[in-house]
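2 protein chains.
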Amino acid sequence: MRNLIQRGRKIAVLSPVAWRTPPRQYGAWETVASNIAEGLVARGWDVTLFATKDSVTRARLHAVVDKGYEEDRDVDAKVAEYLHLSEMFEHASEFDLIHSHCDFMALAYSHLVQTPVLTTIHGFSSRKIMAVYEKYRDSYFVSVSDSDRAPGLNYLATVYNGIDVSLYPFQETVGDDLVFLGRIHPDKGVHLAIQAARQSGLPLTIAGIIQDEAYFSTQVQPYLDATQIRYIGPLDVPGKCELFSKARALMHLNTIPERFGLVLAEANACGVPVIAMDLGSCREVIKDGETGFLVSNVTQAVDAVQRISEINRRACRQHVVDNFSVETMVAAYERVYARIFDSSLL
Amino acid sequence: MRNLIQRGRKIAVLSPVAWRTPPRQYGAWETVASNIAEGLVARGWDVTLFATKDSVTRARLHAVVDKGYEEDRDVDAKVAEYLHLSEMFEHASEFDLIHSHCDFMALAYSHLVQTPVLTTIHGFSSRKIMAVYEKYRDSYFVSVSDSDRAPGLNYLATVYNGIDVSLYPFQETVGDDLVFLGRIHPDKGVHLAIQAARQSGLPLTIAGIIQDEAYFSTQVQPYLDATQIRYIGPLDVPGKCELFSKARALMHLNTIPERFGLVLAEANACGVPVIAMDLGSCREVIKDGETGFLVSNVTQAVDAVQRISEINRRACRQHVVDNFSVETMVAAYERVYARIFDSSLL
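First to last, the protein sequences are chains V and U.
The working numbering numbers the first residue of the first sequence as 3 and each following residue consecutively.
The working numbering numbers the first residue of the second sequence as 3 and each following residue consecutively.
It does not matter which identical chain is used: a pair holds within one copy or between any two.
Lysine-lysine pairs mimicking BS3-like chemistry, simulated, CA-CA at most 30 angstroms apart:
hint : residue 1 : residue 2
1    : K12       : K55
2    : K12       : K69
3    : K289      : K248
4    : K55       : K69
In case anyone wonders, no lab produced these hints; they're calculated from the structure.
Predicted, not measured: the structure shown is a model, and the values here were computed from it.
In isolation and in its complexed conformation, chain V is listed as follows (with noise of 0.2 angstroms):
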């Protein structure tokens, strides 16, 4: 009874406007924003979804952005985000809560307005945005897995990110190649993965954004060839099932803590095992030895490739579904909802 009152309530869920939501490629933030909003619905609540006027949703769609500002270089990004926000907080009373994915931007309206602001932090991009943090510690926020928590901030729970699994779908036999899948960045170790392809002798091929140049060029591109490491660029949803559809196992040897790893899900949906480095959050999201192995070297990459078939594709679907389904991560973003609706009191 109590959920049927909460589920009458207006939700303003606040995505970022550098992709479309959900994004039609890269855009990780845009893809859980999505994910939340389009959950929420399904589930009565009355959505209204903040993003770029292009997006895609069964919420109301509220937006004065044409597009994302990574999509149309005509827009300029700080313009975008100024006129994102101000409209949606300048809306703030017809809501009673704004679930914002707008980082630290959003915080910085959020005194302005009596609506509860939750933000899920899908990650802190540098020290320098710590100051605001702090000065809204005692705001509501989420955190996308234990690992990724600065001290101090008013956590209400770790809601872990979900993927909608019927999009994923899920192939029994294993694939050839490895793969890896993310954007093309010192920080997601293509390096490691190329070196631990070349050490096994199987094909690998990357997919993703150019996100560092000199990176691509210098550390991966001279080891591409016809054969054994492909680069086939970006890929949307149905492109990543394809590719799994042919894979071994995700090879995501990161060398910075990951804060959640939604490429991982994603993976394991498709019944594809991932080796990981065993680095933030990547323990929270592969159970070792089942859905995949956490490793701490390429050496370890290497020896876990040669192990791969110990592991049950079926299990690492069947994990994905239990803890990483947009039904799971709205169902616990409900509770989070229903302890600010207490506190505030309404």
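Chain V is fixed; fit chain U onto it per the hints.
The following block gives chain U in isolation, referenced to the frame of chain V:
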């Protein structure tokens, strides 16, 4: 009597946080914000200046950002701006009027508070920012020249920028050098000043920050030598006065419409005539044939250099005292404030 009552009102002057207020050297917006804040204090208003912590003012200083983001590479500009603006607007209810020098960013906060916001538009940096001005077109605006106006905005007045004339000693004697003072950027026509100096056979001293490195290295540096053309870097106010004390004329051959041109008033205040391109506000600041010459090209600029003795240097200073002093500027803003208070029915 009405003025006395008004001066009991509380004014927030919102300066940018790119530089200290007043800036040590470059920083036109912070200079004008400072002159307004100090001028209002001198006339008995209750003024709070929102600026960097290292700012210097006789007003009450309210600051959360340590240093200007242009002066401290440890500060992220975006973080500093959001912290600065949010802090100001969170305190909006303590003021009767917010006088903003913070462009479209402050406008994007203005609808979230009850206090009226007056924006002095120091210039439109890009057509991309116009969407914000259009959304908030019914706010209160002041232009810094009649020429620098966008259609459709609710302008209450043009108020010319004012300088503290007492800081700019008058120099009766005509100096030897031509001088350029401004950002080293194609917009400011440093290359045209160099051409005019070479054709005139006169020395040219160039001062100002290098904003466009490529322009400096290709269009300025090749012409520098020990005698005729010199570059001496940026200058503080005493340094500017020293420069002007030896000046025959200021060469201001801007290639795009000038928005106001504070340096024109500074030079004139010292008694230095200005040879200015007849673009934008220059004809509002310089009286052609009386405080300098308006020209359309380098040839005309060279002719004007020949005729510089026709200009009465004392008339240059008097023109600034009458039109571009802090006192005239602040008196004009008081009239604007009165209109806002009247229309706000306070």
